[in-house]
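**Q** Residues per chain, in single letters:
2 protein chains.
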Amino acid sequence: MSNKEDHVRNEIIFLTSNVNKFREAQSVLNRFGIRLKRMGMLERLEIQSESLEEISIYSAIHGYQMLRKPVITEDAGLFVFALRGFPGPYSSYIFRTIGVHGLLKLLDDITQRNAIFKSVVTFFDGTFLKTFSGTVQGEIATECKGNKGFGFDPIFTPKHASNKTFGEMNKTEKNKYSHRAKAFTKFAKWYSSTFKIKPS
Amino acid sequence: MSNKEDHVRNEIIFLTSNVNKFREAQSVLNRFGIRLKRMGMLERLEIQSESLEEISIYSAIHGYQMLRKPVITEDAGLFVFALRGFPGPYSSYIFRTIGVHGLLKLLDDITQRNAIFKSVVTFFDGTFLKTFSGTVQGEIATECKGNKGFGFDPIFTPKHASNKTFGEMNKTEKNKYSHRAKAFTKFAKWYSSTFKIKPS
Numbered sequence: 001m002s003n004k005e006d007h008v009r010n011e012i013i014f015l016t017s018n019v020n021k022f023r024e025a026q027s028v029l030n031r032f033g034i035r036l037k038r039m040g041m042l043e044r045l046e047i048q049s050e051s052l053e054e055i056s057i058y059s060a061i062h063g064y065q066m067l068r069k070p071v072i073t074e075d076a077g078l079f080v081f082a083l084r085g086f087p088g089p090y091s092s093y094i095f096r097t098i099g100v101h102g103l104l105k106l107l108d109d110i111t112q113r114n115a116i117f118k119s120v121v122t123f124f125d126g127t128f129l130k131t132f133s134g135t136v137q138g139e140i141a142t143e144c145k146g147n148k149g150f151g152f153d154p155i156f157t158p159k160h161a162s163n164k165t166f167g168e169m170n171k172t173e174k175n176k177y178s179h180r181a182k183a184f185t186k187f188a189k190w191y192s193s194t195f196k197i198k199p200s
Numbered sequence: 001m002s003n004k005e006d007h008v009r010n011e012i013i014f015l016t017s018n019v020n021k022f023r024e025a026q027s028v029l030n031r032f033g034i035r036l037k038r039m040g041m042l043e044r045l046e047i048q049s050e051s052l053e054e055i056s057i058y059s060a061i062h063g064y065q066m067l068r069k070p071v072i073t074e075d076a077g078l079f080v081f082a083l084r085g086f087p088g089p090y091s092s093y094i095f096r097t098i099g100v101h102g103l104l105k106l107l108d109d110i111t112q113r114n115a116i117f118k119s120v121v122t123f124f125d126g127t128f129l130k131t132f133s134g135t136v137q138g139e140i141a142t143e144c145k146g147n148k149g150f151g152f153d154p155i156f157t158p159k160h161a162s163n164k165t166f167g168e169m170n171k172t173e174k175n176k177y178s179h180r181a182k183a184f185t186k187f188a189k190w191y192s193s194t195f196k197i198k199p200s
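Residue numbers (our numbering), protein chains in the order written: chain A, 1 to 200; chain B, 1 to 200.
Do not take every clue at face value.
[Said to hold, decoys possible] With a Cα cut of at most 27 Å, we get these calculated DSSO-like pairs of lysine-lysine: (1) B:Lys189 to B:Lys69; (2) A:Lys37 to A:Lys171; (3) B:Lys69 to A:Lys105; (4) B:Lys130 to B:Lys148; (5) A:Lys105 to B:Lys176; (6) B:Lys196 to B:Lys148; (7) A:Lys145 to B:Lys159.
In case anyone wonders, no lab produced these hints; they're calculated from the structure.
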């Protein structure tokens with residue numbers, strides 16, 4: 001593969017309007033020598049589905065068709081067992097309406113607070129269509145803790161993390177546990193081995 | 001217009017998997033001599049959007065493209081002011097997860113309980129693409145009342161309805177107030193005048 005192709009192969013468009021997601025993903029991919037370029041959603045790219053996979057795949061295909069360049073999309077959600085998976089695939093909308101406070105209220109007399117965060121990353125370059133998922137188990141805290149991260153981070157305590165919420169962790173520490181870091185790491189391993197990308 | 005065309009014109013496919021919606025709509029259209037045929041969603045037809053109009057229009061266009069026959073779609077939602085519009089366009093998913101009980105819990109210390117139900121009906125026959133909306137103002141009751149209707153009906157009290165919830169009304173009574181009946185009545189008036197449909 002020529003240097004020019006290498007250069008192109010090392011840069012992928014990450015279609016997301018969420019700057020925090022972008023930074024977390026880039027921080028994972030740096031180690032593999034893969035550079036992301038952020039681009040906001042082009043137009044209404046998402047389908048209404050209860051499957052993160054379907055949403056992520058649909059967005060990647062649609063994004064590629066518009067741009068004709070390799071793209072990555074990610075869809076993620078918080079699934080609370082006691083609430084039958086709520087807020088799930090609509091976590092972003094539900095965060096913007098009832099917020100962290102609303103979710104805590106729904107759980108205020110509930111002791112079973114298990115939840116998972118799940119991330120699904122899709123890569124599409126017109127030839128390869130691949131998805132990679134990552135999950136992290138944890139619990140919903142009884143109160144907001146920390147002001148780092150975004151969304152429901154301040155009320156999610158991942159397992160084996162000394163009772164800290166994602167909201168109390170900086171990006172590097174969150175990436176040790178997070179669903180997103182797991183999914184992007186799987187992607188990076190596949191991508192760098194498939195396209196022979198070497199860390200710069 | 002020939003009798004045969006009349007016959008075809010009098011029957012429209014309503015794409016919905018919700019039998020209750022279908023019955024309410026048919027009950028409105030009966031008065032206009034318009035017959036609906038129910039068909040479940042063909043596949044993943046809905047986009048993820050916070051606009052009922054976009055969801056309904058997209059589904060109608062996609063449905064027509066699959067069937068090549070005149071179709072109607074409807075998207076509806078309950079918008080609670082104190083919750084920034086929640087559950088809104090995701091009312092159906094949120095009903096299936098946290099349910100009526102969850103919504104009451106979110107509002108349990110909130111006195112401002114204003115809400116609207118909104119329905120958007122789209123008709124598409126390959127030529128005419130028309131949307132019709134209907135809204136009803138009301139309040140979220142403090143407890144569940146009645147076992148009629150569906151979804152959030154037992155906790156929604158429309159204005160000027162003697163404090164009854166939709167859950168306490170039969171179909172005929174609900175249709176005097178409902179967002180859905182208003183949208184379908186607008187549609188029926190336009191349709192019967194455009195295509196010269198006479199009540200049979």
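**Q** Check the structure against each numbered hint from earlier and tell me which ones fail, lowest number first.
**A** 3, 4, 5, 6 and 7
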